[in-house]
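Note that the protein sequences, when read in sequence, are chains A and B. Mapping of the first sequence onto the numbering used here: position 382 corresponds to residue 391, and the numbering continues sequentially without gaps. Mapping of the second sequence onto the numbering used here: position 166 corresponds to residue 175, and the numbering continues sequentially without gaps.
Treat each hint with caution, since some may be false.
Claimed, not checked - Pairs of lysine-lysine, DSSO-like flavour, derived with a Cα cap of 30 Å:
| hint | chain 1 | residue 1 | chain 2 | residue 2 |
| --- | --- | --- | --- | --- |
| 1 | A | K14 | B | K537 |
| 2 | A | K356 | B | K486 |
| 3 | A | K356 | A | K486 |
| 4 | B | K486 | A | K66 |
| 5 | B | K564 | B | K486 |
| 6 | A | K560 | B | K66 |
| 7 | A | K444 | B | K444 |
Unchecked claim - Computed footprint of chain A on chain B; a stretch qualifies when at least three of its residues, placed anywhere within it, have a C-beta under 8 Å from a C-beta of chain A:
| hint | region |
| --- | --- |
| 8 | 282-288 |
| 9 | 501-509 |
What the hints assert, rightly or not - Chain A is faced by these chain B residues, among others (derived, beta-carbon under 10 Å):
| hint | residue |
| --- | --- |
| 10 | A77 |
| 11 | L269 |
| 12 | R272 |
| 13 | Q276 |
| 14 | Y365 |
No wet-lab data here; the hints were simulated from the structure. Virtual Cβ for every residue (Gly too), placed ideally from N, Cα, C.
There are 2 protein chains.
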Amino acid sequence: MKTKKVIVIGGVAGGAGAAARARRLSEASEIILLDRNPYISFANCGLPYHIGGTISKRDQLMVTTPEAMAQRYRIDVRTSSEAIAIDREAREVEIKNLETGEIYRESYDAVILSPGAIPMRPPIDGIENQRILSLRNLDDMDQIIAAVGGNQTAAVVGGGYIGLEMAEALRTRNIQTTLIECAPQVMGTADPEMATPLHHELIRNGVDLRLKETITAFEPIDNGLRLRFESGKTLDVGIVILAIGVRPETTLAVQAGLQLGPRGGIQIDNAMQTSDPSIYAVGDAAEINNFSTGQPALIPLAGPAGRQGRIAADQIFGRDSRYVGTQGTAICKVFDLAIGMTGLNEKTARRENILYEKIYVHMPSHASYYPGATSLSLKLLFDPNSGKVLGAQAVGANGVDKRMDVLAVAVRAGLTVYDLEEMELSYAPPFGSAKDPVNYAGFVAGNVLRKDMRICHTADLDFLAPDQVILDVRSAKEIATGTPAGSVHIPLEQIRERLSELDQEKEYLIVCRVGRRAYLCCRILEQKGFRARNLTGGYITYMHVKGLDAKKCPKH
Amino acid sequence: MKTKKVIVIGGVAGGAGAAARARRLSEASEIILLDRNPYISFANCGLPYHIGGTISKRDQLMVTTPEAMAQRYRIDVRTSSEAIAIDREAREVEIKNLETGEIYRESYDAVILSPGAIPMRPPIDGIENQRILSLRNLDDMDQIIAAVGGNQTAAVVGGGYIGLEMAEALRTRNIQTTLIECAPQVMGTADPEMATPLHHELIRNGVDLRLKETITAFEPIDNGLRLRFESGKTLDVGIVILAIGVRPETTLAVQAGLQLGPRGGIQIDNAMQTSDPSIYAVGDAAEINNFSTGQPALIPLAGPAGRQGRIAADQIFGRDSRYVGTQGTAICKVFDLAIGMTGLNEKTARRENILYEKIYVHMPSHASYYPGATSLSLKLLFDPNSGKVLGAQAVGANGVDKRMDVLAVAVRAGLTVYDLEEMELSYAPPFGSAKDPVNYAGFVAGNVLRKDMRICHTADLDFLAPDQVILDVRSAKEIATGTPAGSVHIPLEQIRERLSELDQEKEYLIVCRVGRRAYLCCRILEQKGFRARNLTGGYITYMHVKGLDAKKCPKH
């Protein structure tokens, strides 16, 4: 194989992985790994957990050292070294040694750009205040740890992954914490009703949650900052963690005249090749293809970055690996809950005009009679014609990761809801149920597709047609704590005897706690000549849609 | 739809599910559910956990009551009612009321047999002793609880699911417990090296583990039993739990003249139909198709039973549901470990002459820098030509169920190891790694298929060819605790400088802890013109194959 001189720019996740892969493919090639920081390959996903104290030692965050990488892989690791320009004509990278100030050039056969992303700092009055910090690398982390030491109050701006993890970290350190999000929900990559349990979990853990609040100014005050909101409210805090998202670090790519994509990332093809065939880009800065929508996307996650690094190295050494796109599988711990997602969400489906149906199930994470089972809420999006699984989201204290992984494979493999019905998953009481939530989701969706059960959604209950009636079939005890406005009540166990109370001219929208009793009720009514629809996910989903705390919904 | 009269025989898992499904499909049909016990639908998988005290209340084991089932589903539930004969010509079931002794007949349009299985009791001298108990239903459980109350010593005979769960349950109650297994390993549905960690876990938890011991006689002694072994040894215990497996309960099927399968279960087709088209069979008594081998199989698990019940009901009411076979996905908790499996294992592949290759990975259950990560050992079987995933097994303290479920879907969907490489699974430090063990298994298997890395197995180290040399590339500290006999030692970090010590005429079998350093070493050696093979799974798998406790293998 031809040896090459490869320069990898950026030594975390994608970059470090690409360098190691390149070495395995070509023992004789020259591989230079540049990073502007004095370290490489640190555990950036672990930063919030060291701030919170869950990861006690800072050393644990060092995945590898420049020395270890150099020794094992014989990679020329140059830390504190910034690539400041790429001379594509001369095929040289201009490098600045940040310790000495020296600037020099290195020729290359191929370059892998893995520059990552940088926290967004919107042009708000006062944004340059030293008390406004963001979290991206070890230095940021150290600064935040130093800052929280002397401050008893903090505001986290932004309710995405980092914002949520930081809110948890600060509360773990007993800091009085306000979480500010301009949207009506945290975790914008999930649908709003799936984020509702997170809101209540944040509040339960002492986070002062402020949704739909937009900051208009940061003003310095004694020992702190005053935040002014569009709503006219203000908030005084010691420090602010800004976590409203990241943007791809494209400075070098722009300097080099590489094409950017419509979302502002470095444009690449499925070989990770940029507009210059000798230059590859991977990770947060690269604009990849969304597997679900086919649209360009920026998905700053560690898993895809690693795979992309591998592909770039493969390509450089003559292997035709291709990236099939990112499906947005992700998970986030929020105190005792986790929220996970994969594939298409409803927001995106609507925006992209993708035809879908959705169902919800709420089930224990494992056999309910075995200790430790907690409620798992699962939302499934599927094609209403083919039954193809389009995407899923789940929230709960346990087992979210497992169901998301199973459904991630289903999405990737193009499986249908009928396949979910048949899936043979591992069952013993400590781990699952004989019918797993994934199977159940398949059953429910299959019932819809086979027209064994027609369903409706909370929005339908809010906008009843004149011939529609909401029928709540839960027990009186359950209904006492809440029921959709205007509903009539007949417990499922009495429905057969009380059919005469129903009207053949009406369509009944049936409500129970999770949708199982309503399913049986639908079957009974339909077979007796009535029209009926099941509110999928039942009153629990109804509460989630309404923003209510479903933990207060009693079991029957 | 035509209404029918359906008699379901057996009211647990498959039977209760079939009856409920039948009702949902046909509100007007007559559905009778018979069970010879005074209860139905109990959590049989939970029985050992109530004995051990993990499930504290007996009531928690009642999934539903005859009254609730009757009320909600309008099913004619008849407990303490045994179907003693089926008159296929008259289309009548003969039923005995076990409380009154009354015998009567019920006509039927269709019968669903869900009789379950019964514990095997081999014809060993003294097997009828009252101190020899087995666990199948609530009565058995109550008897065992009563018996262990007065006994401080117990022997569990059989190291399968029930045997292992019972050993744990008894130890949880602080009973001195001996586990006796005639095979050289517990959990016979796993390959032997995957069971090794279970052996050490049992011993660590105070179980007196006796493998390769066959009982020849049970002799009554004062307040107990003496077990005599083929080895000449004896053991005195208070009680014995017999858990050597179950056989299908086919008494009624045989009486009715239904065809049995080659494995002794009730023969059915993929519509769950027996040799009599009006009679269906589901669950532990039904002989189904093994998805991996295409051979008839008895797989007494709750998940498949539930799906089969649904299919039988569908068929009766004119829906052409089909059972695609059972792939043997299963999991068992053994103290702090879990062992899981899906699809083909190596034993079966050998027996059935199915071509396979195997690889092993050992990885932390989630990001190693986040607290609570434990080691997960994963074995993957795949087709060496197509790369199709054939089966997998895993053992570890955490995350076994998740990886087995992902791989169960891969097996079912016919995915390849290349698909495993690409899988986009949920990652955040508390839940996984950016490269999940499933991805890693895909990488390793992909490396084998792409011929980037040749591998070898422990058996190859035991029977070296004259030109083969074992090369251990771990650190001196690691090697100090053990290395394969006859190996030479060069730490990976020194290999490039010490190539002159190697011989181009030899083939090197490279050993490290888990196979990652050996992979890089293979790449270096192959590119330098040497022949090299990686011992897949490294010294950890080597220890597992040798029956050694890999917890004693230090990290580098």
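Hint-by-hint comparison with the structure:
1. A:K14 <-> B:K537: holds (19 Å)
2. A:K356 <-> B:K486: At roughly 55 Å apart (the allowed maximum being 30 Å), K486 of chain B and K356 of chain A break the hint.
3. A:K356 <-> A:K486: Answer violated: K356 of chain A to K486 of chain A is near 35 Å, above 30 Å.
4. B:K486 <-> A:K66: holds (24 Å)
5. B:K564 <-> B:K486: holds (9 Å)
6. A:K560 <-> B:K66: Cα-Cα ~24 Å, so holds.
7. A:K444 <-> B:K444: Distance of about 29 Å is within 30 Å: holds.
8. 282-288: As far as the region 282-288 of chain B goes, the hint is violated, because 0 residues have Cβ atoms under 8 Å from chain A.
9. 501-509: As far as the region 501-509 of chain B goes, the hint holds, because 3 residues have Cβ atoms under 8 Å from chain A.
10. A77: Because about 9 Å separates A77 of chain B from the closest Cβ in chain A, which is inside the 10 Å limit, the hint holds.
11. L269: This hint is violated: L269 of chain B lies away from chain A, its Cβ roughly 24 Å from the closest one there, beyond 10 Å.
12. R272: violated (19 Å)
13. Q276: violated (21 Å)
14. Y365: Cβ of Y365 of chain B sits 20 Å from chain A, so the hint is violated.
Checked against the numbered hints given earlier, the structure breaks hints 2, 3, 8, 11, 12, 13 and 14 and satisfies all the rest.
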